[in-house]
Amino acid sequence: MAIYVILALDVLNGISSLFLLCLGLAIIFGMMKIINLAHGEFIMLGAYATVISANAGVNIWIAMLIIAPVFVGLVGLVIERCLIRFLYGRLVDSMLATWGLSLLIIGIITTIYGNTQQGVPTPLGGFSIGSYQSSYYTLFLALMAVVMMAVIYGVMRYTRFGLVARATMQNPAMAATLGVNPARVYMSTFALGAAVTGLAGGLLAPVSGITPVMGGAYVAKAFMTVVGGGAAILSGTLSAASLFGSVNQIGAYFTTPVYGEVIVFTTAIVLIRLLPQGISGRFFKGNL
Amino acid sequence: MTLSRRRFLQRSAIATSTLIAAPAVFRSGALAAENPITVGSLHDQSGPIGTSGTPMVYALQLAVEEINAAGGLLGRPLKVIHYDTQSNIQLYSQYAQQLAVKDKVDVVHGGITSASREAIRPTFDRFKVLYFYNTLYEGGVCDRNTFCTGTTPAQTVEKLVPSAMKKAGKKAYIIAADYNYGQITAKWMTKYCKDNGGEILSTDFFPLDVTNFGSTISKIQAAKPDLILSALVGGNHTAFYRQWTAAGMKSKIPIASTTFGLVNEPSTLDAAESDAVIGAYGYFEELTTPASKSFVEKIKKAHPDSPYISELASCTYEGVMLWAEGVKKAGSIDRMKVIEALESGLVFDGPSGKVSLDKQTHHTVRNAFLAEVKDRKWSVLETYTDAKPADTASVCDLIKNPNDVKQYIINL
Chain Z
1 MAIYVILALD
11 VLNGISSLFL
21 LCLGLAIIFG
31 MMKIINLAHG
41 EFIMLGAYAT
51 VISANAGVNI
61 WIAMLIIAPV
71 FVGLVGLVIE
81 RCLIRFLYGR
91 LVDSMLATWG
101 LSLLIIGIIT
111 TIYGNTQQGV
121 PTPLGGFSIG
131 SYQSSYYTLF
141 LALMAVVMMA
151 VIYGVMRYTR
161 FGLVARATMQ
171 NPAMAATLGV
181 NPARVYMSTF
191 ALGAAVTGLA
201 GGLLAPVSGI
211 TPVMGGAYVA
221 KAFMTVVGGG
231 AAILSGTLSA
241 ASLFGSVNQI
251 GAYFTTPVYG
261 EVIVFTTAIV
271 LIRLLPQGIS
281 GRFFKGNL
Chain G
289 MTLSRRRFLQ
299 RSAIATSTLI
309 AAPAVFRSGA
319 LAAENPITVG
329 SLHDQSGPIG
339 TSGTPMVYAL
349 QLAVEEINAA
359 GGLLGRPLKV
369 IHYDTQSNIQ
379 LYSQYAQQLA
389 VKDKVDVVHG
399 GITSASREAI
409 RPTFDRFKVL
419 YFYNTLYEGG
429 VCDRNTFCTG
439 TTPAQTVEKL
449 VPSAMKKAGK
459 KAYIIAADYN
469 YGQITAKWMT
479 KYCKDNGGEI
489 LSTDFFPLDV
499 TNFGSTISKI
509 QAAKPDLILS
519 ALVGGNHTAF
529 YRQWTAAGMK
539 SKIPIASTTF
549 GLVNEPSTLD
559 AAESDAVIGA
569 YGYFEELTTP
579 ASKSFVEKIK
589 KAHPDSPYIS
599 ELASCTYEGV
609 MLWAEGVKKA
619 GSIDRMKVIE
629 ALESGLVFDG
639 PSGKVSLDKQ
649 THHTVRNAFL
659 AEVKDRKWSV
669 LETYTDAKPA
679 DTASVCDLIK
689 NPNDVKQYII
699 NL
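Residue numbers (the numbering used here), protein chains in the order written: chain Z, 1 to 288; chain G, 289 to 700.
Take these hints with a grain of salt, some might be off.
Stated by the list, open to error - Covered stretches of chain G, going by a simulated chain Z footprint (3 or more residues, C-beta under 8 Å):
no.: 1; segment: 473-479
no.: 2; segment: 513-525
no.: 3; segment: 546-558
In case anyone wonders, no lab produced these hints; they're calculated from the structure. Using N, Cα and C, we set each Cβ at its ideal position, and we do this for glycine too.
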C-alpha cells in the first residue's frame, strides 16, 4: 500500500517540477510567440543565483523565492530591450538569436564560475510512509506549483496588467489604437516570463546537478510540454505537464529510466499527431 | 639596367639556391643552439571535460619542468607542444594529425574519454609516434605503440565491491550511466559482487540527461538492497545524490561509486550529501606520503585554483616520468628502442607509490586506494599494493602478439 502512496508522490513530483519548468516558457513562447531557446539557460541562471547567494550566507528561502526570480527577471528585461524587441513576429530569426544567446550565457557563466558542479543543500527533511522514505521538498514543489498557478491566473484574469497583456498579444495594433503602448507590454511580459523561469531554476536548484550546461536537459522537455499544451497558458501547460510528468514517472518505475524517456517522447509524438493544436486547442478552448 | 637572358638565369639560380639552402642554414643554426625533445599533449581544458583535463595539463607541465631542471634528457631539454582539444572529438583527430605530421613530436601524452583515445590511437600507430594514455578506463587496449598508465576495473572495482559489501551487506543495486563506460563497469560490478557471494537485485541505466530520480529512488526502496553501486556520470546525474539525501535515504543505504569524486564532487556537494560515499582509485589528493604531499604542493603553488588533483593528474605525471626513464635507459629517442626499454620492467616511484610497466599488456602495476568521503574530503581507508591489470591481461598478450593494435572487449 505504502508503495502506491510513494508512487503517487513521485507522479506529483514529476508533474509539479515539469509545470514549474514550463510556465515561464508558456508565457514567452505560448503567449508572445518568441521561440526562446535560451529557456534552459534562464533556468540555469535562476539556479546559479540561488546557489551563489545561499553560499554567500543569504537565507536559502530568500535566495530561492526572491533573488532567483528578481535576478532572472532583470536579465530578461535587459535581453528584451537589447535583443528580443527587434524580433517580434520573426519566428525563425528569434530562434537563431536566442540559440546564440544561450551559448553566450553558458560561456559567461563558465568563465566566471568555472565548468564545475555547484551545490546547495536541500532544505526540509525526509518523512516516512510505512517503510518508504520521501522528502518534504517534493510536497513543497507541488505546493509552489499550485501557488504559481494561482498567481499567474490571478494576474492574467483579474488585474489591469493581465487584461492589457492578453489584449496586446491578441492584437497589438488594436491595443495601440486604444492607447496602450505595446512595446512596454511586451517588455514587461517577457520579463515576467523570465522571472517565472528563474523561480523554477531556484526551486529546482537543491535537487539538481548545477553546471553551466544544465539547461540542455530541460529545454527539449519544456518545449514539448508547451507545444503539447497548446495556446492556453495555464490549462494547456498544466494538462500537458500532468500527462508527460506522470507518463515519465510511471514508465520509469515499471520499466527502466531509459524506456521512461522513450515513452514520454512517443506520447508527445502521438499527442501532436492527434491534437495538432495541443490539448487546449481541443479541450479548454478560450480558457486561460 | 638591361636584363639579359643570361643574367636573368644567373640571378634566378642564385636566388633559388639561397631559398633552398635557407631552411638548412637556419635549422643547423638552431641545432647548434638547442634541439629540444618534443612532448605532445592533447588534453581538454575547456568544455564539459575541461575540469578533468586541466589538472592533467598541470601535472604534465610539472613533470617536464622537473626533468628540465635536472638537465633534460640525453643532454637535450624537453619542450611541450600542447593543444586544448575542447572536449571535441573532431579536434582530437585534427590535432593528433598535426602533432604527428607537422610538429613531428617524439611522444604524445593525452586523451581523456575512451572515445577520444580511440579517435587518436590509430593516427599515432600509423605515423609511428609513441603514445601514452593516462586515464582510468574500462580496460582492454592492446597495442604495442600505446602505454596505458591509468587504472582499469580489475584494479579498483575489484577492491571497491568486496569492501563495500563487507561494510553494508550482500544485496546490491546498480545504477549506471547509459553508455559504454557505465554498461561495462556495471558488468564488472556484477562479476565482483557475485564472486564474493553477493546478489545483484537490479541494474538500472540512465541516459545522461535524466534529472529526476524520484521513481528510481522509490524503486530502490522497494527492492530493499543493502548497498548501492553507482557508476553515474556527469552534472545531471549528481541530482541523484541530492534527491537521495533529500528523501532521507542517505543514512539508510550506503553508496559505493566508481565515478563519484573523480572531479570535485566532495568539495562542491554538501557534506550531508557526500558523507560516507565509498570510492576506489589509483590516487587521492589526500594521500599523506611525502611524494604525494610534495606533488600536490607543487601543483597548488603553481596553480592555486586547480581543480581536485585526482588519479588523472598523478597518472599523467607518472606517465611522463616513466617515459623519461625509458628514454634514459634506451639512451635514444628512437621509438622502438624506447618501447623496448619501457618493456624491460621499468619502475617509477610517483605520488601514488611504486608504478611499474607490465610488458605483456603495456598497462601499469600500481597501488589502489579505498577511501570514504568525510566532511567534504576523501579519507583514505586502505591501500592495496601492486594491483595488477588482470582484466586486460586476460585478453591481451603483446609478448606473443606484438602486432596487436585493437581494444579487446572483455567478456564476463
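*Do three or more residues from the segment 513-525 of chain G put their C-beta atoms closer than 8 Å to C-beta atoms of chain Z?*
holds (count 4)
_When I compare C-beta atoms, does the segment 473-479 of chain G have three or more residues closer than 8 Å to chain Z?_
With 0 residues close enough to chain Z, the hint is violated.
*asked:* For the segment 546-558 of chain G, count the residues whose Cβ lies under 8 Å from any Cβ of chain Z; is that count three or more?
replied: It holds: at least three residues are needed, and the segment 546-558 of chain G offers 6 whose Cβ sits within less than 8 Å of chain Z.
When held up to the earlier numbered hints, the structure conflicts with hint 1 and nothing else.
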